[in-house]
Amino acid sequence: MILTKAQYDEIAQCLVSVPPTRQSLRKLKQRFPSQSQATLLSIFSQEYQKHIKRTHAKHHTSEAIESYYQRYLNGVGRNGAAPVLLDLANEVDYAPSLMARIILERFLQEHEETPPSKSVINSMLRDPSQIPDGVLANQVYQCIVNDCCYGPLVDCIKHAIGHEHEVLLRDLLLEKSLSFLDEDQLRAKGYDKTPDFILQVPVAVEGHIIHWIESKASFGDECSHHAYLHDQFWSYWNSSLGRHSCRILTSSPSATRDRSTNN
Amino acid sequence: MAAVLESLLREEVSVAAAVRWIARSAQSSEDDPGEAAALSSLRPLRKEFVPFLLNFLREQSSRVLPQGPPTPAKAPGSSAALPGRPGGPPRGGRGARSQLFPPTEPSSTAAAEAPSARRGGRRRGPGPGRERGGRGSGGLEEGVSGESSPWAGGRRPRGSGSPGSPSLARSDPPNLSNLEEFPPVGSVPPGPAGTKPSRRINPTPVSEERSLSKPKTCFTSPPINCVPSSQSSVPDTSPWGHGLPPGCRSLQEEREMLRKERSKQLQQSPTPACPTSESGSPLPSRTGNLTAEPADPARVSSRQRLELIALIYSSCIAENLVPNLFLELFFVLQLLTARRMVATKESDLEPIPGALDSLESPLFQSVHDCVFFAVQVLEHQFQVLSYLDKGTLKLLAENERLLCFSPALQGRLRAAYEGSVAKVSLAMPPSAQAVSFQPETDNRANFSSDRAFHTFKKQRDVFFEVLREWEDRHEEPGWDFEKGLGSRIRAMMGQLSAACSHSHFVRLFQKQLLQMCQSPSGTGGTVLGEAPDVLSMLGADKLGRLRRLQERLVAPQSSGGPCPPPTFPGCQGFFRDFILSASSFQFNQHLMDSLSLKIRELNSLALPQPEPSDEDGESDVDWQGERRQFAMVLLSLRLLAKFLGFVAFLPYRGPEPPPTRELQDSILALRSQVPPALDVRALLQQGLRARRAVLTVPWLVEFLSLADHIVPLLDYYRSIFTLLLHLHRSLVLSKESEGEMCFLNKLLLLAVLGWLFQIPTVPEDLFFLEEGQLDTFEVDTVTSEQGLDGMPVVDQHLLYTCCPYIGELRKLLASWVSGSSGRSGGFVRKITPTTTTGLGAQPPRTTQGLQAQLAQAFFHNQPPSLRRTVEFVAERIGSNCVKHIKATLVADLVRQAESLLQEQLVTQGQEGGDPAQLLEILCSQLCPHGAQALTRGREFCQKKSPGAVRALLPEETPAAVLSSAENIAVGLATEKACAWLSANITALIRREVKAAVSRTLRAQGPEPAARGERRGCSRACEHHAPLPSHLISEIKDVLALAVGPRDPEEGVSPEHLEQLLGQLGQTLRCRQFLCPPAEQHLAKCSVELASLLVADQIPVLGPPVQHRLERGQARRLLHMLLSLWKDDFQVPVPLQLLLSPRNLGLLADTRPREWDLLLFLLRELVEKGLMGRTEIEACLGSLHDAQWPKDFSEELATLFNPLLAEPHMPEPQLRACELVQTNRGTVLAQS
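Respectively, the protein sequence lines represent chains B and A.
Position one of the first sequence corresponds to residue 1 (our numbering), numbered consecutively onward.
Position one of the second sequence corresponds to residue 1 (our numbering), numbered consecutively onward.
Simulated from the structure, these hints should not be mistaken for lab results.
Please note that the accuracy of each hint is not assured.
Selected chain B positions facing chain A (in silico; Cβ < 7 angstroms) [stated by the list, open to error]:
| # | residue |
| --- | --- |
| 1 | C14 |
| 2 | N79 |
| 3 | P83 |
| 4 | A137 |
| 5 | Q142 |
| 6 | I161 |
| 7 | H163 |
| 8 | E164 |
| 9 | V167 |
The following residues of chain A were derived to be distant from chain B, with all beta-carbon distances above 10 angstroms [as the list claims (entries may be wrong)]:
| # | residue |
| --- | --- |
| 10 | S899 |
| 11 | D914 |
| 12 | P1028 |
| 13 | S1029 |
| 14 | V1043 |
| 15 | E1055 |
| 16 | Q1072 |
| 17 | F1073 |
| 18 | C1085 |
| 19 | D1128 |
| 20 | G1145 |
We put the CB at the ideal spot given by N, CA and C, even for glycine.
Build the full structure now, drawing on both the sequences and the hints.
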């Protein structure tokens, strides 16, 4: 399914400063019923990530952290069961999971002698039960399950989507009897950076010669195309895997066959 | 001419404009109007500029290069053909060694214009030359400059007449516009009596007719054997032998003067009044003092002027305005390697009052100047240099003068040397001596009668007998072809009565010619030919060394300078002498017919055109093959054309051009009637149009090189020369664009054309006179598509094979090294020859060698395609064999290594010991098995090669040939494969085992539990289960809804939950899309979901009152979860989370607390063996740390104690009911 640029722009327009919550996604779905939830979520996620990248720094100044922490303490002091952290994140227009991380880090700093390591924090975010403070644990958990763009659960979903799409792609190649080498085989041959699949016999799709396929399983907006090109694809080119490529950046798990864009 | 050079030196005219001016007749729009004006006034002189420049340089260098190898050049010998000067006085038509371009008399306009131009320059201010001139004259007297030569010395090359004459000359104000003031290099000075002292021109009495006929010999080339016949007279009686050209009539005079000069110097040298020591040193003699004067960049006298002239000179070279590129390079290298300055005459040391112009001071005042100039030019010509062979590049890069004057150029040359793969041997490779029999054409059926057949056989026998005798004896001193074989040949020819016999014999002759001479260099000579088995007994590496040693020993020190006349080297000499001795008209005619046919055939041969853009290594190999084929065709064509030219022009061949004009005219009238033996003009035009010049022109040049003196005057051939001249001009090396000819192709054409223009029979003014038809020529080639010219068919090897004279550059540099090696340390590396002690003890090698020779002989009698096929098959099968061994034997060994390693790990525990040590142990166990590779490889080649050969050879190939071909292919393939395997198999096994070991160890390390058995989908699975990502996302939504915050209307239906868990089951059973992280998260989420169920925290959609799950529903869901945990999850499920403080805290917050679901769940967990009692106990124990409401802790304790104390029950189902009842009871009791 090919999304036109105009449709994409319209969706992106709706996502300006919207909190990454279930409710926002539901509203989006109502607004664009013809698009699948996965597509919308992928676009939402990407747009939101761009937004976070832009504003990330201002939430990490020591003043900001301190003020958030105080507000959190005040909030839970009044009512520990209220969604203090989530509301705070939405209010200051920051991702709840990331806000949870800020507060958790600050909290641990206060309560432990040594500054917490990244892995400890990550582990606590994955499993908030490990957080020594029960109230904070609940608050963090609430943030994580309510965040649809960041957090360990979202990361896992993204990873799963990536894996699923690779599998779907492989099935598709097998179904079309296209002979290919996958990443493991290529690595065994000594390539360091490899695309997901190299076609042993190139094919032509819509007038383009395709030598290799890399499934990205995410919506292919201009920005991500550019970034992938820079980080990954040039090295395929350089390692002479073939000058023609195909990047599959799809938007929904069920619609892997859609090539949203191609170079 | 001088005016032009002057205005350049005064920077009135830019070099670019000047070169444009020379190169093109039309005025270019790029020209500055001022420049254009300055140049347009000199228009009539345009054509004469280049010869003037070259003459000027040669003249200027005459003091530096008096003795070295000759610098040949060729230029208009007479000005008669120049417009506007029909009646010019005769000039020295035949010059001395460096008599390059005898000065031309200026036309009246030029004479009038030039001085004014010069005056104009003066008005503007003194030019750099003038300034220097002034200084120079002063400096000389004061002895400040320390330079060896006076600035005006150049005007007076050695021995310029009697002591009295110079003063006379100097008393005249120098008239630079008078070209005769600038004598050509080395021109023979007039005798002391009777000539005008200002003229340096040798007043050879030459009649006007002769000058018109443009008589000439190959200037400065070594003795000419262009009339190769032993019967023909050789006109060259030069007393100087190699150094000086024939026909220099005043050599005696010159010698006389040299003698005088020398005695004068001998008198002078002891006197302290001598201004500089160098100028007083005696002439270096040929055999004597070879030590070179060191060159110092700091002592260059007039950099700017030298730079400028170097630039003009280089531009002329780049635009192909000079006749012979390599000749100029040779000259420049001569300058680079100039040993020392020749002393100048004392009289020249005095300042010349009027001589203030830049041109009047000598250009090269010292060796430093020469070297500086040479290096400047070389810098401009770097591109050409970089395409020379590796040896030349090495010598250039190691030249210490070059390093000293331009480290940058030296660096580029070194880089070019290091990157070069063009190793070219200057030695002439031995020719194939085998005699061919052609059963297809030489059988009885092709003859009219038995008698003719028998005659032919007899003749064939005589022919080969003659050939063998020639081979054996032609190098014996005193043996003469004509005397030894002439009568036998003529007797044999006499028997060839029938025309058909002639044609048979000619075919034999031609085949033999091609066979003997064309391989691979077209020359011959049995170099070490007597000892082929000695060579084959040596190993390949030793053979290489021996070759190099041999090359050094047998490579001719100089094969005749950079422009040798056409010769018939090696076995070509046999065929030439055979033709001459046979002197049979019929034979010659048949031979011409046959040669013409073969030339036409080869010339139009469609050479395959692979894509030149392929960068792949594989196709590079193919490309090599194409190149080889092209070289074969080209060399054959050149050989055939040379003999065609020889035979065709044989009747007209004479030592001298016709002496009078009348005679010449009548000859011309006669000759123009005769149709050419082969329509070479048409072939040339075709070649140019089809962009196959790179094939056509080299053989055409060979053909024309054997033409007689009249040929270039014939209209037909004149038009060919015109075409060639325009082609020459168009081959600008620096132009590289799409559709242009490849660089080396151009270089080959430039080399052969340059050589042709220097051939004695080609009029020397031809090069500079042709004008005009440039446009038509260009139009001609535009119509062409991609042809051979645009493909890289020429490599350095072919270039040097076709033009061995390019090797003169290398020899010149090498002779410089050997001359200076005493001082600068050994540049010549020693080759330690292999001793022959072990030779006797290696019989197997000899049989091998014999085998190889047999194979060669076999191929020799078969079509070349057979050889190509066999070699191709051997190459591919050999390569496949290696791949096969890798995939089978090596892979097996790797598997063995893995299992051995596993055992090792089991016996030694998880640690396994040091990986490096492990690897060593494994390798020592496994590498010996590598020996099998050779046997297996042999088997593979044995099995695969014959089939491939059979598939590729024609069906009709005779069985014996086929089996031989198969055997050879097997042998070659085996050799190739085994050579690789024996050298690399151990390393290969080692590498693969190492990779396997590290792989195994890595896999061993981190997660042995996770690597436990994993089930895939069932066979019937169609992978239609919901995707894990979708499920995680769905469950996450439920969790978020439960945790809140949520809108009042939000909630989930129990059916949805049930469906969700059903889907989860499907997904977990279809493993297709599941990856471990996703499964782990699913497990965790399912536990979270269970906790929420237990705590009754899930908001249910439905009638407003309900909002809670019914017990039964909750229990059903928990049952589903339990079975998922038990049966479907393959990762550990974090069930302890159920009892984490946070999840239990959910329960603590509810009022009234309902424990029954939790207790139910825990019991079930214990029941199903999902959690042990001790585990639960541990979790509960850790709960005590948390801060709970007090009553909650108490409740916990009372509830869990009985659970933990309960003994194991054998009947789970029964117990479940009891449990429920108990729970209810407890809860009720509490409330």
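Hints, one by one, checked against the model:
The interface hint given for C14/B is violated, since its Cβ lies 20 angstroms from the closest Cβ of chain A, which is over the 7 angstroms cut-off. Interface restraint check: N79/B against chain A, minimum CB-CB distance 12 angstroms, threshold 7 angstroms, status violated. Hint status for P83/B: holds, given a least beta-carbon distance of 5 angstroms to chain A, under 7 angstroms. About 5 angstroms separates the beta-carbon of A137/B from the nearest beta-carbon of chain A, less than 7 angstroms, and the hint is met.
Hint status for Q142/B: holds, given a least beta-carbon distance of 5 angstroms to chain A, under 7 angstroms. Because the closest C-beta pair between I161/B and chain A is about 4 angstroms apart, less than 7 angstroms, the hint holds. Residue-level restraint check for H163/B holds (minimum Cβ-Cβ distance to chain A is 4 angstroms; threshold 7 angstroms). Below 7 angstroms, beta-carbon pairs count as interface contacts, and E164/B has one with chain A at about 4 angstroms; its hint therefore holds.
The beta carbon of V167/B comes within 5 angstroms of a beta carbon in chain A, closer than 7 angstroms, and the hint placing it at the interface holds. Residue placement check: S899/A keeps its beta carbon more than 10 angstroms from all beta carbons of chain B (closest about 19 angstroms). Separation of D914/A from chain B is adequate, the least Cβ-Cβ distance of about 25 angstroms exceeding the 10 angstroms criterion. For P1028/A, the shortest C-beta to C-beta distance to chain B comes to about 5 angstroms, within the 10 angstroms cut-off, and the non-interface label is violated.
The non-interface label for S1029/A is inconsistent with chain B: the shortest C-beta to C-beta separation is roughly 4 angstroms, within 10 angstroms. Distance check on V1043/A: its Cβ comes as close as 5 angstroms (rounded) to a Cβ of chain B, failing to clear the 10 angstroms threshold; non-interface status is violated. Listed as outside the interface, E1055/A is consistent with that label: its C-beta sits roughly 20 angstroms from the nearest C-beta of chain B, beyond the 10 angstroms cut-off. With a cut of 10 angstroms on Cβ distances, Q1072/A falls inside the contact zone with chain B, its closest approach being about 6 angstroms.
F1073/A, annotated as away from the interface, has a beta carbon of chain B within 10 angstroms; the closest lies near 4 angstroms. Non-interface call for C1085/A relative to chain B: violated, since the shortest CB-CB distance, roughly 8 angstroms, does not exceed 10 angstroms. With a closest Cβ-Cβ approach of about 17 angstroms to chain B, D1128/A is found to remain outside the 10 angstroms limit, as its non-interface label requires. Taking the minimum C-beta to C-beta distance to chain B, about 6 angstroms, the non-interface status of G1145/A is violated against the 10 angstroms cut.
Figure legend: structure checked against the earlier numbered hints; hints not met, in rising order: 1, 2, 12, 13, 14, 16, 17, 18, 20.
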